[in-house]
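Going line by line, the protein sequences match chains A and B.
Here this note's numbering is used: position 116 in the first sequence is 146, and no number is missing along the way.
Here this note's numbering is used: position 60 in the second sequence is 90, and no number is missing along the way.
If you're looking for bench data, these hints aren't it; they were derived computationally from the structure.
Here the structure is a predicted model, which is why all the values come from computation and not from measurement.
A portion of the hints provided could be inaccurate.
[What the hints assert, rightly or not] Only pairs whose alpha carbons sit at most 25 Å apart, straight line, appear in this in silico DSS-like list of lysine-lysine: (1) A:Lys351 - B:Lys203; (2) B:Lys345 - A:Lys351; (3) B:Lys351 - A:Lys345; (4) B:Lys486 - B:Lys177; (5) A:Lys94 - A:Lys177; (6) B:Lys351 - B:Lys177.
[Unchecked claim] Residues from chain B that face chain A, not an exhaustive set, calculated with beta carbons under 7 Å: (7) Trp129; (8) Ser131; (9) Asn254; (10) Ile335; (11) Gly337.
[Said to hold, decoys possible] To spell it out: a stretch of chain B is covered by chain A in this simulated footprint if at least three of its residues, at any positions, have a beta carbon under 8 Å from a beta carbon of chain A; those stretches are: (12) 165 to 179; (13) 226 to 233; (14) 300 to 314.
C-beta: ideal position from N, C-alpha, C; glycine also.
Protein chains: 2
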Amino acid sequence: MVLDTILEKIDSNQNRYIEELLGFLKIPSVSTYSHLAADVRRAAEWVCSHAKRVGLQARLIETKGHPVVHAWRCRQPDQPTLLIYGHYDVQPPEPKEEWHSPPFSPVIRDGYIYARGASDDKGQFFTYLKAIEAILAGAGELPINVKLLVEGEEEIGSPNLGPVLAANADLFKADAIAISDGSQFARGVPTITYGLRGLSYLQIDVRGPRIDLHSGAFGGLVKNPVQALCEILAQLRNPDGTVAIPGFYDQVLELQAWERNELAALPFAEQELTQYLGIADLSGEPDFAPLERKTARPTLDINGIWGGFAGEGAKTVIPAKAGAKVSMRLVPNQRPEQINQLFIDHVRRLAPEGVKVEVRELHGADPVLVRRDQPEVQAAVRAIATGFGTAPVFIREGGSIPIVNLLQETLQLQAILMMGWGNPDDGTHSPNERFRLQDFHHGIRSVAALLYELAKPGA
Amino acid sequence: MVLDTILEKIDSNQNRYIEELLGFLKIPSVSTYSHLAADVRRAAEWVCSHAKRVGLQARLIETKGHPVVHAWRCRQPDQPTLLIYGHYDVQPPEPKEEWHSPPFSPVIRDGYIYARGASDDKGQFFTYLKAIEAILAGAGELPINVKLLVEGEEEIGSPNLGPVLAANADLFKADAIAISDGSQFARGVPTITYGLRGLSYLQIDVRGPRIDLHSGAFGGLVKNPVQALCEILAQLRNPDGTVAIPGFYDQVLELQAWERNELAALPFAEQELTQYLGIADLSGEPDFAPLERKTARPTLDINGIWGGFAGEGAKTVIPAKAGAKVSMRLVPNQRPEQINQLFIDHVRRLAPEGVKVEVRELHGADPVLVRRDQPEVQAAVRAIATGFGTAPVFIREGGSIPIVNLLQETLQLQAILMMGWGNPDDGTHSPNERFRLQDFHHGIRSVAALLYELAKPGA
């Protein structure tokens, strides 16, 4: 079988792949540092020429910021097309003094590559180029069509990716997207992320008297805006931790029995977590397990509050105004627009007399749920089982990933394969970021297997 | 009658008194400005030598800061002793550009003296020296004993007055205290303040997880400290505006029918006030009139709140901690220690699981209520009627006056005569501070009358 040959090739080339990755990691492509702009471009060029070297066509698409690498090989008109997303930019390395070895002088220790970007996302993304290289070297042609989209601004919020996608929708048209920019559920537990929570983020502003007042002279005469705000905020959640906004749960796609069973089977070290957090117990909706609450249940949190005097000592003031930021994590099939409206209606109902209450919508993101019965997803399951030697688990993430929303929105794709090759303790965004050599190797194997799995009839 | 002669003398010397006050007002005795320390001392010396000139013995008591002027004339062993409190320091004049004439170049316009300190408290305090002078000039001796305590640090919180009082309690022993450092209820409505609200000031700190958390990764797992804080704060007051702390009203000395009738008879421009405050309606305890709520009812206000992200835009954080400052205005016979304990007990009961809640006591002051049936108070009523030609109204103030608490505590005196000669629109602490010439004159007359009234049997 062809794939076996390819996998053998991958196994025997491990050391060379690592050496090449070390070269990539030496480029300090910190996208947020303008004084490193030349290095960021050098990383883009490195990816572009490496893509050409492994047998793809490739070019840079210029943006207002850092360029996007566009590479492709589409020679199988009857086969599906996979869009591969990655990013070549990295987080700043600071605080540098906490690194055991310099962030841009990658070293190998105890089975890990240590360097800024090793896991996020240079090492993970590089697995795709190496798998493509192995297939082209071993079989002469790819089994499917591939397109690569490698941006240089992920770590600064991808400000220029939207326009690039909008202007080049045809170039990036595909049947599925593959993203490896996250982590496995735990070490040795390869993972497919099939859900992301969405977001509704709003601000409440409460205004009372025109000016701050002396609480001696006016206490008893005016409604205190902070008090009003607290009365509103206290009624956003019920005492049992559920969200109190009428209609909030109406659209929630309830967890299926099989899904709950799966989540229950995942290892979850509750005591380790509470110790890490410094709290006695976890809290939340009583009818759901922690992992369900963390990933598949909607939540509401006050992210910030302010008003009046917050300094040292005592100031006897009735503040003129107060405010709070409130966000809700949404799950399928909640939509930010609907939830925002329910929130605004609820706050208006709660607003006490004597103050003016204003609600502003600041930010929103749709939740993402990838249907697991899609053939592309099943192909990914088999590919990871081949690559890692063990079948992946399925999880949902509690957060949002803006680029996933952006890709899904622009390209209108249902099959999004989020397969993190990293580990939760890789230290992405932290000092001593690392990537496990074994995960790097298993990732390359999985990508190679994926391209063959997607080529099978029905996939 | 002797007093009539004295009052005639006062009437005929008006212009000289004003000229002398203008000299006093030229000294820029801003106690908070260290570069003006020499001027502050010059003001103390001015008071000291003026007190000697009018016939008192006088000296400076040095402190760690600005000196206290101690003056006295105690030649009537069978008569009561009146302690007169005043302060010779003033607020900073800033913003200077808003003054129509320089703050320390006093001028007379339209029946007012304009200068920093004209009303607060140089002009008001000066009435006592002029009345004493007139009596000594007209009758050769004072009808009672007087002691003067004139400090130079009132505007910076009287940090050194406590030690001076403690070390000289015998020197300042008296039967009554007179303070003219406030205002009449309204122009042409001379006023005796017979009550001050007290204060309990506390801080609530709520701690949740050890560190700020990502609301995507942890939303649904931990109790949010801001949410917990809001739940507590929302339950400190009932929906009708009353304080919800069990036992809070137990010790409250209820308003008597006559007191309510008196308050109801005072002019209170509710619409003018709501317009000034920029609110539609006044709020507060439904069973009490605004003036009752403002002065004779206890209240609770959140003075400040903080926690999490308060910047521009959206940050999806579950804050590790949150806090609030809460104060209560107390009325007779509430005591800060008792109320603090009720507050702490209530907050402890309300504290939800999953967070740590700590309450700290920051500041307290006892309420003050002067019994109006005391002969000294009745003497003051008659004296003001003589001095102003109209009987005073009685009011309670909503705020606290720390020096009154300090004087009462150290000297253990019940008869505290708070008689403001100023007006609410004098602009104390503001640009273009002023003092009405007519009030200055009526104040001097009232003080003269007061010394005679206090000398009467039964007063």
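Can you tell me if the stretch 165 to 179 of chain B counts as covered by chain A, using C-beta to C-beta distances under 8 Å and a minimum of three residues?
Since 0 is below three, the answer is violated.
Taken at face value, is the distance from the CA of Lys203 (chain B) to the CA of Lys351 (chain A) at most 25 Å?
violated (46 Å)
For the hint on Ser131 (chain B), just tell me whether its beta-carbon gets within less than 7 Å of chain A.
violated (26 Å)
The hint names Asn254 (chain B) as touching chain A; please verify it with the least Cβ-Cβ distance against 7 Å.
Where the cut-off is 7 Å and the nearest Cβ of chain A is about 5 Å from Asn254 (chain B), the hint holds.
Given coverage of the stretch 226 to 233 of chain B by chain A, tested with a Cβ cutoff of 8 Å and a minimum of 3 residues
holds (count 3)
Given the hinted pair Lys486 (chain B) and Lys177 (chain B), is their Cα-Cα distance within 25 Å?
Holds, at about 19 Å.
Please verify whether Lys94 (chain A) and Lys177 (chain A) have alpha carbons no more than 25 Å apart.
holds (22 Å)
Gly337 (chain B) as chain A interface residue, shortest Cβ-Cβ below 7 Å
holds (5 Å)
Checking C-beta pairs, does the stretch 300 to 314 of chain B have three or more residues closer than 8 Å to chain A?
holds (count 10)
Quickly compare the C-alpha distance for Lys351 (chain B) and Lys345 (chain A) to 25 Å and report which way the hint goes.
holds (21 Å)
For a C-alpha distance cap of 25 Å, please report whether Lys351 (chain B) and Lys177 (chain B) respect it.
violated (52 Å)
Restraint check, 7 Å cut-off on beta carbons, for Ile335 (chain B) near chain A:
Status holds, d = 5 Å.
Consistency with the previously given hints fails for numbers 1, 6, 7, 8 and 12, ordered from lowest to highest.
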